[in-house]
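Trainee: Sequence:
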Amino acid sequence: MPSGIVKWFNNAKGFGFILSDENSEDIFAHYSAIEMDGFRTLKAGQSVVFDLQQGEKGLHAANIRAADEVSGRSITPTSAAHNEDAEAMAYADEHEHV
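Take 5 as the starting number for the sequence shown in this note's numbering and just add one per residue.
These aren't lab readings, by the way, just hints derived from the structure by calculation. Among the clues, some could well be false.
Label pairs and their computed distance ranges (CB to CB) [what the hints assert, rightly or not]:
# : residue 1 : residue 2 : range
1 : 71        : 42        : 15 to 21 angstroms
2 : 49        : 18        : 18 to 24 angstroms
3 : 62        : 42        : 25 to 31 angstroms
4 : 49        : 17        : 17 to 23 angstroms
5 : 28        : 55        : 14 to 20 angstroms
6 : 61        : 41        : 28 to 34 angstroms
7 : 28        : 61        : 28 to 34 angstroms
8 : 61        : 26        : 27 to 33 angstroms
9 : 41        : 62        : 17 to 23 angstroms
Below, a list of computed lysine-lysine pairs in the DSS-like style, where the Cα atoms sit at most 25 angstroms apart [as the list claims (entries may be wrong)]:
#  : residue 1 : residue 2
10 : 47        : 61
11 : 47        : 17
12 : 17        : 61
The C-beta atom is built at its ideal place from N, Cα and C for all residues, glycine as well.
Assemble the whole structure, with the sequences as input and the hints as a guide.
Mentor: This is the structure in structure tokens:
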């Protein structure tokens, strides 16, 4: 099962990205794919495991869950937040339906 670290997640927009441990690729994460009770959210730097699905625009994480063991690897939330808006805008532009 693939694992990774949450790069950033925007609660207001309901999506973010996970940095894959396997190939350092950014994996799209939507709130609907998070497996947890209550408010579904992820935090930058959080270790997660997930299944992969191929979407029209690339890989998507499915069945996202917090990892049982923290690998000790994380990214700094402030540096991730710096890129959040630019990545969110680029992703939204690519996925707009005409």
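Trainee: Now tell me, hint by hint, if it's right for this structure.
Mentor: Results of checking the hints against the structure:
1. 71 <-> 42: 15 to 21 angstroms: 19 angstroms Cβ-Cβ, so the 15 to 21 angstroms window holds.
2. 49 <-> 18: 18 to 24 angstroms: holds, 19 angstroms
3. 62 <-> 42: 25 to 31 angstroms: holds, 29 angstroms
4. 49 <-> 17: 17 to 23 angstroms: Because 19 angstroms falls inside the window, the suggested range holds.
5. 28 <-> 55: 14 to 20 angstroms: holds, 19 angstroms
6. 61 <-> 41: 28 to 34 angstroms: Hint holds: Cβ distance 29 angstroms, inside 28 to 34 angstroms.
7. 28 <-> 61: 28 to 34 angstroms: Violated, since residue 28 and residue 61 (Cβ atoms, about 19 angstroms apart) do not stay within the stated range.
8. 61 <-> 26: 27 to 33 angstroms: Between residue 61 and residue 26, where Cβ atoms are some 20 angstroms apart, the hint is violated.
9. 41 <-> 62: 17 to 23 angstroms: violated, 29 angstroms
10. 47 <-> 61: It holds: about 24 angstroms lies between the C-alpha atoms, which stays within 25 angstroms.
11. 47 <-> 17: holds, 14 angstroms
12. 17 <-> 61: Holds, because 18 angstroms separates the two Cα atoms, which is no more than 25 angstroms.
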